[in-house]
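J.: Here's the letter readout for the chains.
2 protein chains.
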Amino acid sequence: MSNERTASGPIHNRRALLAGGTAAALFAPGLTFAASGDLAAIRKAAETGYDASVKRIQAWIALPSIAAENRDMDKGCDYMMALARDAGFQHVEKVPTDGHPGVFATLDVGAKRTIGIYFMYDVKQYDPAEWSSPPLEARIVDKPDFGKVIVGRGAVNQKGPEASFLAGLHAIRAAGRKPPVNIVLVCEGEEEIGSPNFRQIVTKPNVLAALKKCEGVVIPAGWQSPSNGGVSVNLGAKGIAELELVASGAKWGRGPKTDIHSSEKARVDSPAWRLIQALQTLVTPDGNTPAIDGYFEKVRPLTAREKELLALAAKQLNEADAKKALGVDHWIDDLPWDKTLERLASQPTVNIEGLVSGYTGPGGKTVLPGRAVAKIDLRLVPNQTMEDSVAKLRDHLDKRGFKDVEVNVSGGYDPTETDENSRLIKAEIATYKRLGAAVTVYPRLAGSWPGAVFTSAPVSLPAGQFGLGHGSGAHAPNEYYVIESSNPKVEGLVGATMSYVDFLYEIAAIK
Amino acid sequence: MSNERTASGPIHNRRALLAGGTAAALFAPGLTFAASGDLAAIRKAAETGYDASVKRIQAWIALPSIAAENRDMDKGCDYMMALARDAGFQHVEKVPTDGHPGVFATLDVGAKRTIGIYFMYDVKQYDPAEWSSPPLEARIVDKPDFGKVIVGRGAVNQKGPEASFLAGLHAIRAAGRKPPVNIVLVCEGEEEIGSPNFRQIVTKPNVLAALKKCEGVVIPAGWQSPSNGGVSVNLGAKGIAELELVASGAKWGRGPKTDIHSSEKARVDSPAWRLIQALQTLVTPDGNTPAIDGYFEKVRPLTAREKELLALAAKQLNEADAKKALGVDHWIDDLPWDKTLERLASQPTVNIEGLVSGYTGPGGKTVLPGRAVAKIDLRLVPNQTMEDSVAKLRDHLDKRGFKDVEVNVSGGYDPTETDENSRLIKAEIATYKRLGAAVTVYPRLAGSWPGAVFTSAPVSLPAGQFGLGHGSGAHAPNEYYVIESSNPKVEGLVGATMSYVDFLYEIAAIK
Chain A
0 MSNERTASGP IHNRRALLAG GTAAALFAPG LTFAASGDLA AIRKAAETGY
50 DASVKRIQAW IALPSIAAEN RDMDKGCDYM MALARDAGFQ HVEKVPTDGH
100 PGVFATLDVG AKRTIGIYFM YDVKQYDPAE WSSPPLEARI VDKPDFGKVI
150 VGRGAVNQKG PEASFLAGLH AIRAAGRKPP VNIVLVCEGE EEIGSPNFRQ
200 IVTKPNVLAA LKKCEGVVIP AGWQSPSNGG VSVNLGAKGI AELELVASGA
250 KWGRGPKTDI HSSEKARVDS PAWRLIQALQ TLVTPDGNTP AIDGYFEKVR
300 PLTAREKELL ALAAKQLNEA DAKKALGVDH WIDDLPWDKT LERLASQPTV
350 NIEGLVSGYT GPGGKTVLPG RAVAKIDLRL VPNQTMEDSV AKLRDHLDKR
400 GFKDVEVNVS GGYDPTETDE NSRLIKAEIA TYKRLGAAVT VYPRLAGSWP
450 GAVFTSAPVS LPAGQFGLGH GSGAHAPNEY YVIESSNPKV EGLVGATMSY
500 VDFLYEIAAI K
Chain B
0 MSNERTASGP IHNRRALLAG GTAAALFAPG LTFAASGDLA AIRKAAETGY
50 DASVKRIQAW IALPSIAAEN RDMDKGCDYM MALARDAGFQ HVEKVPTDGH
100 PGVFATLDVG AKRTIGIYFM YDVKQYDPAE WSSPPLEARI VDKPDFGKVI
150 VGRGAVNQKG PEASFLAGLH AIRAAGRKPP VNIVLVCEGE EEIGSPNFRQ
200 IVTKPNVLAA LKKCEGVVIP AGWQSPSNGG VSVNLGAKGI AELELVASGA
250 KWGRGPKTDI HSSEKARVDS PAWRLIQALQ TLVTPDGNTP AIDGYFEKVR
300 PLTAREKELL ALAAKQLNEA DAKKALGVDH WIDDLPWDKT LERLASQPTV
350 NIEGLVSGYT GPGGKTVLPG RAVAKIDLRL VPNQTMEDSV AKLRDHLDKR
400 GFKDVEVNVS GGYDPTETDE NSRLIKAEIA TYKRLGAAVT VYPRLAGSWP
450 GAVFTSAPVS LPAGQFGLGH GSGAHAPNEY YVIESSNPKV EGLVGATMSY
500 VDFLYEIAAI K
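These protein sequences, in sequence, are chains A and B.
With numbering that gives the first Met the number 0 applied, the first sequence covers 0 to 510.
With numbering that gives the first Met the number 0 applied, the second sequence covers 0 to 510.
Excised from the complex, chain A in its bound form (with noise of 0.2 Å):
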């Protein structure tokens, strides 16, 4: 799962109304009385429960579960398993794919409306020697100008917002209340792989048919911007193929198959200069531009009202805060904060992930390496395909003469769009702006997740994603998630709980 940075401006009296027992959550806007009257006890109900959700956090945490590793899979089903049931889910299922399993639950209340939310129970590879803190501990730390949060492998990506969505369930049941719609939950433990098998499960017929009753699909997130509160409204996100190019003397049939001494290199061909040179013509000299043959025939360039969306962002977010949370000092061509913006959003890219080859430790290793890879992602955007920008990358290395280069997908899924005016969409934007956080509509998020699975047929719903809350550091070490927020703009975990409650009862109102 991406760890975008996400929408800031101008912050609302938004902590008044979220603190419970006020007037304003008793009567909030938009909701009926009763509904009102239903997420002041269940706030109680949140606060009273707020150790046992930190415990759920950590406990999940605890168990981490590496596809790419093929570290603790069947665990971290049976796991998550455990934990639709104990939230109320009253059918849950194991669903077996060609890798790892995923899993089916439904909770269902005989409410008029359903909503999809989906879940990834995998996290990303860590290394530990990173951490400040051991990444499996969770411990609970005072973060300054945060307050306390939770650090561990996967805290904000995404067990702590999955968490705190399955507290939402928890508070409710313990205000002796039943959730306001239906509830279809699809998860898996393949994102930080790419998805590979996603599909499988999603098509599987009984949980097809639970998915079409779905307004639309949400993964729970805690990307609140530190700064100001704000978040985004996603609508859509970029594409990713994730693939190695492969240069090895066992398929080119020059060079050697294994290492071998480097003074040889006289006399020897060389797989990691062959790799060097299939890697350079794919990106424009500056690096920052694919120049895979056709790659741009697909692009839709940005329409009136996306720019429309991109000008305001622009005007919502702060450039230096961007800056200083990327380390970065000049964004691409000096452009110009808007322009960075529009091609975050409308630029598809090739980007080096990493690269291995021959000797990798402290100093050198005279060895003329057999091979060498480079770890890429494309980005893809509307109405770019994966399998048309792999199919073009194949045929780009084919026709320069790389044919033994190898191209390896190991997953990624195609960009996905959703309707600005769908109700899932209607829901997320009324409900942040009834908790008063301030919103930014995005044309579409840069990174990628697996929402065209949900918005492309058969399943052909709305997704995107939802929540209040704060976390980073997905990807990286010292991964944090706030528990108990010092920052007025920021929720913690209680905000974030009500926040996914809030949301439930806007989707069940929504007209």
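Check each hint, because a few of them may be wrong.
[What the hints assert, rightly or not] For each label pair, taking beta carbons as the anchor points, the in silico distance ranges come out as:
1) B:A390 to A:D126: 36 to 46 Å
2) B:V140 to A:A249: 20 to 30 Å
3) A:G400 to B:E129: 29 to 39 Å
4) B:D397 to A:G326: 21 to 31 Å
5) B:P361 to A:K432: 35 to 45 Å
6) A:D328 to B:T280: 39 to 49 Å
Just so you know, these hints were derived from the structure itself, not from any lab.
Keep in mind the model is a prediction, meaning the values are calculated, not measured.
Using N, Cα and C, we set each Cβ at its ideal position, and we do this for glycine too.
For this one, chain A is given, so just place chain B on it according to the hints.
T.: Chain B in isolation, oriented as in the chain A frame:
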């Protein structure tokens, strides 16, 4: 130390000569009657000392000194000193450097001539997971077609051959003889990182004074061809510069300073792509010819004599064996065998030893790396120098706007040349011939060693490799050294030991 494949040619009837107690050994041609008698007695002592000699190799392998990892360096130096004392060196001195210490030792028997011996006490890094037996256990293994071998890191590179030389000194003493020449021993612990401080050792006034008395310097080596027992006499070696090319957001001022989320590629520059662009300017598109500006300026073409020697070598050496050993089906440009030998001897290279950037584990990780590194070695021929070649690389990058791409040199040495008519080379050839080993005189070793430290001022001595015996797998898993040969063409430990003893007598006697 480079893992060179060695010369091969017609096998002579050498076993009879080497077998102790035969008339041939008692009257070895070219030596005095007295010397021949010495050799027979010393061989008996070497046979008696076999078990102790094997244990000496094993115990040494058990203590790996790895400069790149700063592992056991002081211990390794102390051990080296103990080995020297044990072998009879009267003066043994630790020589501090700016890096790890070296050892200087002398064995003065009042002889007319003095020989210099060069040892490295360090070994290459290793990954135990890749080994068939623990690399420090120095297990004795039956290797089909070879006999009993010691498997361990450093077995052939260079502890086995070095310990075989020491075994010769032990045998001489055990036989009640004294060495026929004085011996000056210089050792370093940084050979595997390119000998960055070795010049400090040899130019220490008392060390330099001792070296100045030497006929030349040899490093013990066990490179007998397994196919025919042949050996090479190398009249020099290529130089090498080992370095890292580093592109980073920190130095560039563009792109991220650490790894960030890969979706940002749409608006953030990529140090990894920058490295690729810089790299691809360094060689021709086939990766086979250096394209660094002015790189060939100082290259001296092969002389007529060098070409003559290479043509002879092409007849003596076996192409199929070489291809099999390397796992290579085609040479560069499908060159014929003789041309590959010319290239090996005459062509400078730019080789990629390794590539490291971003995520290097299994599968992918959606990062835009803040740093990318290419580990490079430049192989140099006369009259290139390391300093000049690195300067040319720097200029080449600067001229193309890659001023930010760092060139971090970790070590290396200039090319080295030794006169075919020097007493050292004449003694090598004479010894090999007397022992019946087919000799290929080779103009230049394609691998590199710190020979230039000896051949250039102020030491200015002939320098080369010497030794019978066989091992392989330097820098690779399952490195081995034959101690009991089942191959009639290859010497075991006793034969290797005696080759050094013979060589000392030859140095004493040669005109």
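J.: Decide, hint by hint, whether the structure agrees.
T.: Evaluation of the provided hints:
Here the CB-CB span from B:A390 to A:D126 is close to 37 Å, well matched to the stated 36 to 46 Å. Between B:V140 and A:A249 the C-beta distance comes to about 27 Å, which sits within the given range of 20 to 30 Å. About 33 Å separates the C-beta atoms of A:G400 and B:E129, a value consistent with the hinted range of 29 to 39 Å. For the hinted restraint 21 to 31 Å between B:D397 and A:G326, the CB-CB distance of approximately 26 Å keeps it satisfied.
Range check, B:P361 to A:K432: about 44 Å between beta-carbon atoms, so the 35 to 45 Å window is met. At about 25 Å, the beta-carbon gap between A:D328 and B:T280 misses the expected band of 39 to 49 Å.
Violated hint: 6 only; the structure is consistent with all others.
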